[in-house]
Amino acid sequence: MAKPRELKRRIRSVQNTKKITKTMELVSTSKLKRAQDRVVGARPYAQALAEVIGQLYSAELAERFPLLRQPGKTGVRRAALLLITSNRGLCGAFNANLIREARRRLEELEAQDAHTELHLVGKKGVSYFKFTKRNIASQRVDIGDRPTLEHAAELAKPLMERFANAELDEVDVVFAKFNSAVSTPPTSLRILPVLPPDRRIGGSADRAPSAHPAIRPSVNYILKPSAEEILKQLLPLYVQNQFYRALVETAAAEHGARRTAMKNATDAGSDMLNILQRTFNRARQAQITQELAEIVGGAEALKG
Amino acid sequence: MRVSVISAERSVFDGDAEVVVAPAYDGLVGILPRHAPFMTLLGEGIVKIRQSATEKVTTRLQVAGGFLQVASNVVRIVARSARPIDS
Chain A
94 MAKPRELKRR IRSVQNTKKI TKTMELVSTS KLKRAQDRVV GARPYAQALA
144 EVIGQLYSAE LAERFPLLRQ PGKTGVRRAA LLLITSNRGL CGAFNANLIR
194 EARRRLEELE AQDAHTELHL VGKKGVSYFK FTKRNIASQR VDIGDRPTLE
244 HAAELAKPLM ERFANAELDE VDVVFAKFNS AVSTPPTSLR ILPVLPPDRR
294 IGGSADRAPS AHPAIRPSVN YILKPSAEEI LKQLLPLYVQ NQFYRALVET
344 AAAEHGARRT AMKNATDAGS DMLNILQRTF NRARQAQITQ ELAEIVGGAE
394 ALKG
Chain B
272 MRVSVISAER SVFDGDAEVV VAPAYDGLVG ILPRHAPFMT LLGEGIVKIR
322 QSATEKVTTR LQVAGGFLQV ASNVVRIVAR SARPIDS
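As you go down the protein sequences, you meet chains A and B in turn.
Numbering-wise (our numbering), the first sequence opens with residue 94 and increments by one.
Numbering-wise (our numbering), the second sequence opens with residue 272 and increments by one.
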């Protein structure tokens, strides 16, 4: 049996670790709350944009917009994949899941003979793909857990331009979709070309009921300057917003994942403490019993 | 009529109003109740929302980019950026 002093030391160490994980859990909970508010706050805008683009869209207009250009007969030749991961670890399998999804999507694209370049956001993704010695087209680790619209615009701009110039046939983003704090599946989303609205405009989140009064479609609008001009302005905003949402949702999902991971660690710490405490008590008892037996034995020997 | 102002980050304003003046791409547009269905691009400037015809309660918002949409007595201003200005 282990020595009581040794056990005491381990108990203290587990207690300290538990305090740290507990604190990290609390920090994540409060950050999650704020990140979640940003995710919810961004929804009406995305929904409104998707709705309007859906209303203005028509097949004959579509041919004039480079952002709506669908891959031709040759299929996708050059694609770009943007993977969003977190900068920090200690959030369970969060980043591993995202990286796995990205690799799956990369293989899928490469199976179609598409030359795929990789763009990375977040330290975890960068260090993984550096480790596998894959070519990285661009990387940035400065976004952190409070992404802004400017960040999204900086990411979107070069990709949109290159797509418009037909240097890319497809742009995908891999991010953690924030369904709820406990459900954040890694998701691949095709951002470019923008899909025609009859097939899909926006993900399921866009269809969620909005607090704002809905404006019914199929109204004959007075359009100024023209449907074409409005679409021309709104499509880039829509694409930019998709990047923004991917960033915001991943940030919220990261905090959710970290909270869960830290809660598990705290619980595991409690279990371990229980066992250690019990072992310690037993060891202490055994020691006392043994000492008593020795004293009694000694006394008996003196009597004899 | 119902007015809502939405920016990329959050919903900035939501409520009833009597008059809305917004900066369209080519100049100011004023929207009164029962306006015909209308959609226009937004420029950069100040949106004024007067909430009541009798009392002078006006909300001012700095907006840039996006669009304005009016239909069935609902005005929706969807701006790339929008933030309230204190009087």
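Just so you know, not all the hints are guaranteed correct.
Simulated DEER-style distance windows between Cβ atoms [stated by the list, open to error]:
#, chain 1, residue 1, chain 2, residue 2, range
1, A, 119, B, 344, 45 to 51 Å
2, A, 255, B, 322, 42 to 48 Å
3, B, 287, A, 259, 27 to 33 Å
Quick caveat, the hints were computed from the structure, so don't treat them as lab data.
Every residue, glycine too, gets a C-beta built ideally from N, C-alpha and C.
Q. Does the Cβ distance between residue 255 of chain A and residue 322 of chain B fall inside 42 to 48 Å?
A. holds, 46 Å
Q | Range hint 27 to 33 Å (beta carbons of residue 287 of chain B and residue 259 of chain A) holds or violated | A | Violated: the Cβ-Cβ distance is about 48 Å, outside 27 to 33 Å.
Q | C-beta pair residue 119 of chain A, residue 344 of chain B: status relative to the range 45 to 51 Å that was hinted | A | Taking Cβ atoms as reference, residue 119 of chain A and residue 344 of chain B lie about 47 Å apart, which means the hint holds.
Violated hint: 3 only; the structure is consistent with all others.
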